[in-house]
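Guided by the hints, dock chain B onto chain A, whose structure is given.
Quick mapping for you: the protein sequence lines, in order, are chains A and B.
Those letters in the first sequence? Residues 1 to 338, by my numbering.
Those letters in the second sequence? Residues 1 to 338, by my numbering.
Interface residues of chain A toward chain B, partial, derived using beta-carbon atoms under 10 Å:
(1) C2
(2) E14
(3) V82
(4) P104
(5) G107
(6) V187
Per the computed footprint, the stretches of chain A lying under chain B, defined by three or more beta-carbons under 8 Å from a beta-carbon of chain B, are:
(7) 93 to 99
(8) 126 to 138
Calculated directly from the structure, the hints in this document are not laboratory data.
Don't be surprised by glycine CBs; every beta carbon is placed ideally from N, CA and C.
So the chains spell out like this:
Protein chains: 2
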Amino acid sequence: MCSKRLGRSSAVIERRAGVLASASVVGAKEGEGPLARSFDRIAAEPYFGEKSWEKAESAMLRQCFALACEKARTAPGELDFVLAGDLLNQCAGSSWALRECGAPFFGIYGACSTMAESLLLAALLIDGGAGEKVAALTSSHFCSAERQFRFPVEYGSLRAPSSQWTVTGAGAFILARGVPGPAITRVTAGRIVDMGVTDAANMGAAMAPAAADTLAAHFEDTGRGPDYYDAVITGDLGITGGKILRELLSMQGIEPGARLADCGALIYGPGQGVNSGGSGCGCSASVMAGYVMDMLRSGAWRRVLFAGTGALMSSITCSQGESICGICHAVSIETEAQ
Amino acid sequence: MCSKRLGRSSAVIERRAGVLASASVVGAKEGEGPLARSFDRIAAEPYFGEKSWEKAESAMLRQCFALACEKARTAPGELDFVLAGDLLNQCAGSSWALRECGAPFFGIYGACSTMAESLLLAALLIDGGAGEKVAALTSSHFCSAERQFRFPVEYGSLRAPSSQWTVTGAGAFILARGVPGPAITRVTAGRIVDMGVTDAANMGAAMAPAAADTLAAHFEDTGRGPDYYDAVITGDLGITGGKILRELLSMQGIEPGARLADCGALIYGPGQGVNSGGSGCGCSASVMAGYVMDMLRSGAWRRVLFAGTGALMSSITCSQGESICGICHAVSIETEAQ
Chain A
1 MCSKRLGRSS
11 AVIERRAGVL
21 ASASVVGAKE
31 GEGPLARSFD
41 RIAAEPYFGE
51 KSWEKAESAM
61 LRQCFALACE
71 KARTAPGELD
81 FVLAGDLLNQ
91 CAGSSWALRE
101 CGAPFFGIYG
111 ACSTMAESLL
121 LAALLIDGGA
131 GEKVAALTSS
141 HFCSAERQFR
151 FPVEYGSLRA
161 PSSQWTVTGA
171 GAFILARGVP
181 GPAITRVTAG
191 RIVDMGVTDA
201 ANMGAAMAPA
211 AADTLAAHFE
221 DTGRGPDYYD
231 AVITGDLGIT
241 GGKILRELLS
251 MQGIEPGARL
261 ADCGALIYGP
271 GQGVNSGGSG
281 CGCSASVMAG
291 YVMDMLRSGA
301 WRRVLFAGTG
311 ALMSSITCSQ
321 GESICGICHA
331 VSIETEAQ
Chain B
1 MCSKRLGRSS
11 AVIERRAGVL
21 ASASVVGAKE
31 GEGPLARSFD
41 RIAAEPYFGE
51 KSWEKAESAM
61 LRQCFALACE
71 KARTAPGELD
81 FVLAGDLLNQ
91 CAGSSWALRE
101 CGAPFFGIYG
111 ACSTMAESLL
121 LAALLIDGGA
131 GEKVAALTSS
141 HFCSAERQFR
151 FPVEYGSLRA
161 PSSQWTVTGA
171 GAFILARGVP
181 GPAITRVTAG
191 RIVDMGVTDA
201 ANMGAAMAPA
211 AADTLAAHFE
221 DTGRGPDYYD
231 AVITGDLGIT
241 GGKILRELLS
251 MQGIEPGARL
261 ADCGALIYGP
271 GQGVNSGGSG
281 CGCSASVMAG
291 YVMDMLRSGA
301 WRRVLFAGTG
311 ALMSSITCSQ
321 GESICGICHA
331 VSIETEAQ
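Bound-form chain A, shown alone:
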């Protein structure tokens, strides 16, 4: 009973990779948005008690991880593996946050697809037999991201209408073999898709083709259509990218209708001045660990497809005129038996 390959890029998770616990911690702005009630903790101040934005991000992720472990009644050192990564250069936020955790650690880099990539790999590690209890987590912080990718916030630079607002947030999942409740049942790994978009203020456009590619592969590989799912959640294309995805899917005859939603479009309200919505590893991480898991746990949804998207770019790639590569990894989370 190992994982079973399915089509071009999917696999069936044969053993239950159940969600033992999930936790989310966000910043004040996210705490003023429509999903406020779904987050475990809303920060009182953006520094999280630290003296730099990078350390603040790391402290937020550490809090979130501790909370998930607490809910799972599991000491960090008892975890078989921990998978994490973030947007900071050399994924420094994750290394800092987890240096005392004592569990085997895999650093991953999937840009804003990190929550999906880490969940996907965690499910495969559990299903493959190498571990029974595996954590997947990630974070982003508005101020550390702005300073690294754009300008320090103090400069007050203008933002394009298509630009997205990096979420200050962290999400953590602890998956375990055989636990009841929502579980990962199918995974579809994405390939890099580069459609030549070079506008770093329109990452939704750069990532939408990757989302379309992975969703089409998922539906083909698994034989399921979008109507199999109660919700198909991308993260984080934002409003602009979400519209592009809908058009790209429609061109392939895929019409997900109202069940298609995006973490970047869900997390902020219309009056919050975020232009095209949220982005950053912490966006889909906190929305999935909070809102989406709430919907699954309450029974409002029973089958969710989470397609996490990432823009594989850096300041260097942009300044050297390179286009922005997109990637998207998908996991099905289902409450009922397979």
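Just chain B now, with coordinates in the frame of chain A:
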């Protein structure tokens, strides 16, 4: 028949995750060292035909990947998964190099442990049933690393005796289920170890405790001693870090003797002015894909333990006074049946 967990942090690879092919591409300086004959290709010029150091690194990795695919008689798009990462911010070298490969892609970040981390995960993905043919690859380039982590080379800054020289090199493995010859048989995943070292010019010292931790875990988990192996190869502690590792192991009663060697100490000769030896993801990648695989294929060695070490740091973490976290992942590569 899935992977079987073994002790704190190891697993038995039950199905053969065999090395279908490996390839290495290095720069001119590495091509003048003692391992010159083991590399597949030595670059004529450091830019690899590109106009920036980052693009040069990416071109080198692309060449190396193409060569490995050619040797494996496998089109890149036929691979079930590709795992890669590098030292550049946001792992840009790997994304650039692989954006046209067409296979499902997982970005990973393990600093100089990336070759070991990617081989470990690739073996588990094969053993777990999710894929049959998986690539693991990484690279580093002296000039892109110097400019990002220290100073542009044109500044001609002085180097500490304990500092290591970032290898210009790439290594790629293609693993496949059930193929004969050398195969990955055991894996031990490392945890983050932080002993408070803050000297970025002495990364060997920062990584040696992680290497000692993972090697001790491997020997305990598997019940094997160092004498089980023909060679125990760390990468890349360099000369300074290698000595520290030997002391740390000795304190735990582990005496690997002459079979313990380090990729960073092997790749350059004494007259090459590299102080404490080589480092960078491409160091252990090119030495493993070249020299070590040659020794295994020729039958000179039958059992090798590869322990890849990484320093999880960035310019930001150093400038903010944080200590350098180390990590080490280990894989056994064996020719005989398990």
